[in-house]
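Per full-length UniProt numbering, the very first residue in the sequence shown carries number 1; after that it's consecutive.
Keep in mind that a hint or two might mislead.
Said to hold, decoys possible - Calculated cross-link-like contacts (lysine-lysine; reagent style PhoX-like; alpha-carbon spacing at most 25 Å):
1. K329 - K241
2. K241 - K51
3. K65 - K122
4. K329 - K387
5. K241 - K350
6. K84 - K246
7. K7 - K122
These are calculated hints, taken from the structure and not from any lab test.
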Amino acid sequence: MALPDVKQSATEARLATLRMPEAGCTRDAREAALARLRAMGLPGRRDEYWKYTRPDTLISPEAPKAEVFHTDEPMVFDGFDRLKIVFVDGVFSPEDSDDLTLEGVSIDRLEDICCKDIHWAKQLYGVLEERGQTPVQRPLAALNTAFAQDGVAIHVTGKPSKPISLIYRHDSESSDAILHHVIRVESGAEVTILENGPAASRFNKCIEIDIADGGTLHHVRAQGRDHQRRAATHMFTRLGKDSVYKSFTLTVNGVLTRNEQVVELTGDDAVAHVAGACVGDGDFHHDDTVFITHDAVNCESRQVFKKVLRNGATGVFQGKILVKEGAQKTDGYQISQSLLLDDDSQFLAKPELEIYADDVACSHGSTSGAIDETALFYLRSRGVPAKEATNMLTLAFLAEAVEEIEDEALAEDIVSRLEGWLARHS
């Protein structure tokens, strides 16, 4: 069926500004992604999964300008020993990055892969993104696969001694970055991936993660603090038998952020936890869209999302658990909650369950409300100032999401960032 004229025009206008890289072993995947994109078109407000979030500035031919944010504060994760891979406005910066050598892992730039006809990443690049287009179309991810200019391929074969840290710096107020990473975790291997930084004025990022039987990947991400930035991110994850995937995202500020997680549990006894905490003020729009598919026996998934909103900020959560036929003994949990610190902010939620197995334990819930006045009175009556008491209750509200971070030191670093934001905005 032909695309509506408006959607086709918007898609071709955006494509006219992009150039597909010389692609080597990723050429076929890129051309297939471009064909998918042209067939589905870029997103519009009439698309079901975009009805709460205006995609206009994410698909416009030119990126809206975003002033570069400057601060003397140390960046998130600066206190940790980690292998640093730095991108500046979407371009790998070798002078700012560490040597890409670490025991138990091999790391290649996407640019280097594109110069080769044979590379392990050929079996993964674009594969999980394509799988993630069913049953929900994700055109910005297809655009990413077709046109990504940079990124890394991370092959984990052991247990590296320190995390791998992807750092995104924003230096140009008109930058428009498209990054694509692929990660393969082999059987019995384990790795921690950290991400932080605003990246660009407009940022389109895709990560494809394939975790083999018995593999483990921990992911902790911090987005911010450039307020004028716009970002659309996708993470596509496939889990094998007895594998573990745990992902947490902190978002502070940003005029528009859309984070999508697509997770497939394809091996028995796999575990997937996806969590997020966001705090927003004013013209802040934050959208978490999650789709988890159970396609194996005795698997566990958790979705825990908390949003704190004030001064007209908007939060969105769209989360679905799909339990396929035969995926017995599934344990699926989903919770999305917002704390509205004024009457002008709003939280829009669409939790979903779709179950085709009869021996499952699945639940979902979504709530929105203000500070607990009883708890606030209790703290005030014991001499705690109003602003400090409000901040304490706000941190307690966010705690369930932060607790999904398994590494206590990383969790403490995230909490310290939340405390700083609350103190600045009290």
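Structure-based check of all given hints:
no., hint, verdict
1, K329 - K241, "14 Å, holds"
2, K241 - K51, "36 Å, violated"
3, K65 - K122, "35 Å, violated"
4, K329 - K387, "46 Å, violated"
5, K241 - K350, "30 Å, violated"
6, K84 - K246, "21 Å, holds"
7, K7 - K122, "31 Å, violated"
Of the numbered hints given earlier, the model fails hints 2, 3, 4, 5 and 7; all others are met.
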